[in-house]
Amino acid sequence: METDSARESGEEENGFTQPEIGDDDIDNVAEDFRDGLGLLSPKEKTMEERRNGTLDSDNDSDDNSRIRTVDENGNADDSSRIEVEEGQSDSSRIEVEEGQSDSSRIEVEEGQADSNRQIAEFSSENNNFVEGHKEISEAREHLEDDFSEQEIEVEAPTSPSSSGYAGGRGSSSAASIGSASGSEEIRDALRSGDGVTECFGNGNGEHRGQASWAHGKRYSNEDETSISWRKRKKHFFVLSHSGKPIYSRYGDEHKLAGFSATLQAIVSFVENGGDHIKLVRAGNHQIIFLVKGPIYLVCISCTEEPFQALKGQLELLYDQMLLILTKSIDKCFEKNSKFDMTPLLGGTDVVFSSLIHAFSWNPATYLHAYTCLPLRHSTRQAAGAILQDVADSGVLFAILMCRHKVISLFGAQKAILHPDDMLLLSNFVLSSESFRTSESFSPICLPQFNPMAFLYAYVQYLGVDTYLMLLTTDSDSFFHLKECRIRIENVLVKSNVLSEVQRSMLDGCLRVEDLPGDPTLPSDSLSFRLRRDKNLQVAGSSTGTGRNTGIGGPAGLWHFMYRSNYLDQYVASEFSPPINSRNAQKRLFRAYQKLHTSMHDKDVGPHKMQYRKDENYVLLCWITQEFELYAAFDPLAEKSSAITVCNRVCQWLRDVESEIFLLEASPLSW
Amino acid sequence: MATVGNKNVQAKLVLLGDMGAGKSSLVLRFVKGQFFAYQESTIGAAFFSQTLAVNETSVKLEIWDTAGQERYHSLAPMYYRGAAAAIIVYDITNLDSFVRAKKWVQELQKQGNPNMVMALAGNKSDMIEKSKVSPEEAKVYAQENGLFFMETSAKTAQNVNELFYEIARRLPKAEPVQHPAGMVLADRSAERARSSSCCS
Ligand SMILES: Nc1nc2c(ncn2[C@@H]2O[C@H](COP(=O)(O)OP(=O)(O)OP(=O)(O)O)[C@@H](O)[C@H]2O)c(=O)[nH]1
Ligand SMILES: [Mg+2]
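Just so you know, the sequences run in chain order A and B. Under full-length UniProt numbering, the first sequence has 161 at position 161, and the numbering climbs by one with no breaks. Under full-length UniProt numbering, the second sequence has 178 at position 178, and the numbering climbs by one with no breaks.
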């Protein structure tokens with residue numbers, strides 16, 4: 001069952017393969033993005049429980065507090081808007097009213113006063129994105145008229161593939177990063193071929209080896225005129241401030257020069273007014289902009305993910321780029337504003353496509369936390385001790401991981417490793433097949449640690465999925481790191497860590513069915529597994545408080561996810577029926593993501609608790625100083641028993657915390 | 001650096017060349033006897049070591065397979081610094097890669113160890129029908145610049161062992177005084193004494 005769904009997952013957001021409902025059909029539950037923007041009166045939507053500590057289940061009014069989950073008319077929402085990040089004042093925004101009528105307009109309100117406003121008008125026939133794109137083009141032409149005397153560097157929109165791109169490869173590119181360019185396109189095409197397999201790993205939708213995203217650029221023959229390209233549900237673009245394409249998720253970025261120029265014009269139009277563009281809504285599409293100095297990142301999506309979530313994805317995409325090039329890339333643009341960055345990213349498509357794929361399965365992308373491989377406390381300690389040993393010998397960070405999960409890690413004194421850096425680093429290593437072949441020593445940048453400088457990473461696989469990363473600031477220390485690796489490997493083999501890692505990968509993580517009936521039971525090593533048999537018997541009695549549907553855990557608990565706020569680590573239960581298809585997993589992922597966004601909405605929250613119910617699930621989110629808990633239940637689950645079960649989950653996690661979390665990571669506290 | 005022990009020589013060898021020229025493929029063919037039609041582009045640099053017997057001497061090659069991607073060019077000195085030997089690889093079906101190879105030779109002549117043993121490898125000789133670089137031209141260029149030249153194929157293994165053995169053979173042996181590279185040996189030990197790290 002897993003392999004089939006893996007194929008689907010490879011096709012995620014591919015409008016091609018799913019005319020009906022696919023992975024993004026999460027959305028009969030209408031989402032309200034304005035919510036994410038704080039434009040909607042939010043109180044109608046959420047229930048807050050002010051109490052700390054344990055949840056109370058006896059609050060009758062709770063049932064009324066069910067949030068408005070479905071706005072029947074939501075989809076028919078004709079009003080699109082562009083939201084602009086204000087400069088100093090509160091009042092600046094761009095709005096696009098896009099009704100049935102033929103006239104839409106962009107409205108920019110300037111910071112200081114109403115007087116200073118510019119209006120661009122353009123027409124739209126419908127909400128279709130393709131049309132939206134035309135509109136933008138037209139708007140752009142408009143803008144050019146308006147600002148003809150100003151510097152808007154764009155190519156003619158009518159010739160998407162002739163961009164004057166090759167001219168951009170100047171010797172100035174050699175300035176800070178490298179020398180003249182080569183011819184990599186053919187090469188990339190060559191490499192993006194087949195020769196990779198796809199299959200699913202166990203646990204949390206992680207992927208083993210390479211899935212279809214690992215082919216590097218997909219559909220590179222597409223361009224903005226292709227129907228298939230227009231139908232993609234989620235596009236990511238990176239372009240330079242002069243409008244040169246840098247990266248496109250779909251299609252060959254070189255062929256998208258015209259489209260890139262369009263996006264550039266929109267950004268600069270707004271910037272010329274002293275504002276920053278954040279979001280354009282066009283029908284059911286959102287266009288999200290993120291401006292990072294000379295680099296613009298854009299996401300065009302009809303997946304109905306919240307604005308904040310998509311913006312976070314753009315931030316990660318940018319940081320992934322910094323991990324490869326460092327922020328000194330900005331200097332290339334200072335020297336030559338038409339600098340062409342694509343040659344510098346040669347061969348990295350696979351890194352970005354794997355990150356974008358992670359946006360639809362890896363909770364670390366929005367929880368900003370990492371997850372650990374479950375291990376006996378003593379096993380993890382053995383690994384930690386030897387890592388600490390090498391960290392004391394001049395290694396900045398020593399990180400031992402198994403796929404996306406941390407086995408142990410250690411940093412030199414005062415060195416702080418951010419969970420986002422870990423996510424991007426492991427994504428980089430996992431998606432680049434060449435690390436598997438041999439020892440390697442490569443420059444990488446940890447953007448949260450220091451965006452300006454390269455560190456040097458010694459990377460070596462110690463098993464099929466287990467790899468060691470030793471980071472240093474000293475480019476001459478390869479042989480020292482190599483010796484460290486040999487020492488570490490010896491210890492890990494001797495203390496059976498590597499074989500336990502393999503076993504843990506097979507066993508998976510926490511399962512909702514194993515939730516102990518009696519939270520006061522003493523726990524021993526890997527208790528959540530060893531007690532499994534016992535629990536099967538207890539299960540009948542333990543569901544007295546709730547409704548046992550025969551699947552999932554007690555009280556209809558289907559899944560949970562827990563983030564420790566002290567540790568910046570999270571743990572998620574294994575997916576089990578009925579959340580076993582890839583689509584169901586992705587739907588739940590998106591539901592959590594949405595819940596997470598609304599819980600952290602600065603304008604409304606922070607909330608302590610939220611309880612949502614729709615035809616798919618009951619979702620419960622509970623945030624305290626200590627943790628964030630997300631849980632999904634059978635839609636028919638009773639609220640009171642759901643809350644009881646959440647308390648039991650928390651107790652359970654406390655009991656087994658030394659096995660599921662890395663507790664001795666305190667020197668890395670960030 | 002070549003280090004002389006009791007008939008044991010240890011030498012750092014670096015492979016340079018355009019991306020896709022086949023550096024990793026040559027090393028993998030030599031070290032592991034493998035070839036992959038879809039060899040992944042190298043990141044940073046990969047390290048291998050291989051010991052071979054040349055006459056009575058055992059030569060341990062510490063091989064740095066560098067990445068040809070443009071973003072790594074400015075970091076290349078980190079890998080070729082202190083190398084006793086270099087193989088500059090180009091793809092015979094790609095003229096640009098030959099141009100690039102010449103640039104690497106120039107850079108090594110300027111920055112590298114003056115006594116470095118250098119080889120020019122015209123790789124993918126199995127695709128001779130698509131060749132864009134004449135072997136004569138490459139040979140003449142190599143001779144003029146003090147390199148030895150071979151056409152190789154990582155795919156068919158043609159000339160791969162020969163290439164690495166020839167490097168090993170040309171490395172300075174137990175007669176440091178007669179061989180100019182003897183100076184370099186001294187450098188290396190001095191470096192070792194200064195610091196325990198010895199990537200250079
Ligand atoms: N036909 C043929 N193909 C080869 C040969 N050597 C390498 N290739 C292919 O050429 C491509 C590039 O080879 P690599 O070994 O990755 O090239 P590289 O020089 O290491 O490239 P970078 O790591 O990006 O610098 C791969 O698809 C290889 O399969 C050869 O001798 N004959
Ligand atoms: Mg390579």
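In short, the hints are calculated from the structure, not lab data. Keep in mind it's a predicted model, so treat the numbers as computed, not measured. The beta-carbon is built from N, C-alpha and C at its ideal position, and this holds for glycine as well. Heads up, a few of these hints could be off.
Said to hold, decoys possible - Short derived list, chain B residues pointing at chain A, Cβ under 7 Å:
1) I43
2) G44
3) A53
Claimed, not checked - Derived DSSO-like pairs (lysine-lysine); straight-line CA-CA distance at most 27 Å:
4) K102(B) - K139(B)
5) K60(B) - K482(A)
6) K103(B) - K155(B)
7) K233(A) - K292(A)
8) K482(A) - K7(B)
9) K338(A) - K103(B)
10) K103(B) - K482(A)
11) K103(B) - K331(A)
12) K482(A) - K494(A)
13) K335(A) - K155(B)
To be verified - Have a look at the derived ranges for each label pair, beta carbon to beta carbon:
14) V464(A) - S74(B): 49 to 55 Å
15) V99(B) - D389(A): 58 to 64 Å
16) K331(A) - P114(B): 50 to 56 Å
17) S378(A) - P77(B): 31 to 37 Å
18) N145(B) - D389(A): 44 to 50 Å
Now for the hints, and whether the structure bears them out:
{"no.": "1", "hint": "I43", "verdict": "5 Å, holds"}
{"no.": "2", "hint": "G44", "verdict": "2 Å, holds"}
{"no.": "3", "hint": "A53", "verdict": "23 Å, violated"}
{"no.": "4", "hint": "K102(B) - K139(B)", "verdict": "12 Å, holds"}
{"no.": "5", "hint": "K60(B) - K482(A)", "verdict": "17 Å, holds"}
{"no.": "6", "hint": "K103(B) - K155(B)", "verdict": "25 Å, holds"}
{"no.": "7", "hint": "K233(A) - K292(A)", "verdict": "24 Å, holds"}
{"no.": "8", "hint": "K482(A) - K7(B)", "verdict": "25 Å, holds"}
{"no.": "9", "hint": "K338(A) - K103(B)", "verdict": "25 Å, holds"}
{"no.": "10", "hint": "K103(B) - K482(A)", "verdict": "31 Å, violated"}
{"no.": "11", "hint": "K103(B) - K331(A)", "verdict": "25 Å, holds"}
{"no.": "12", "hint": "K482(A) - K494(A)", "verdict": "18 Å, holds"}
{"no.": "13", "hint": "K335(A) - K155(B)", "verdict": "43 Å, violated"}
{"no.": "14", "hint": "V464(A) - S74(B): 49 to 55 Å", "verdict": "34 Å, violated"}
{"no.": "15", "hint": "V99(B) - D389(A): 58 to 64 Å", "verdict": "48 Å, violated"}
{"no.": "16", "hint": "K331(A) - P114(B): 50 to 56 Å", "verdict": "33 Å, violated"}
{"no.": "17", "hint": "S378(A) - P77(B): 31 to 37 Å", "verdict": "45 Å, violated"}
{"no.": "18", "hint": "N145(B) - D389(A): 44 to 50 Å", "verdict": "48 Å, holds"}
Checked against the numbered hints above, the structure breaks hints 3, 10, 13, 14, 15, 16, 17 and satisfies the rest.
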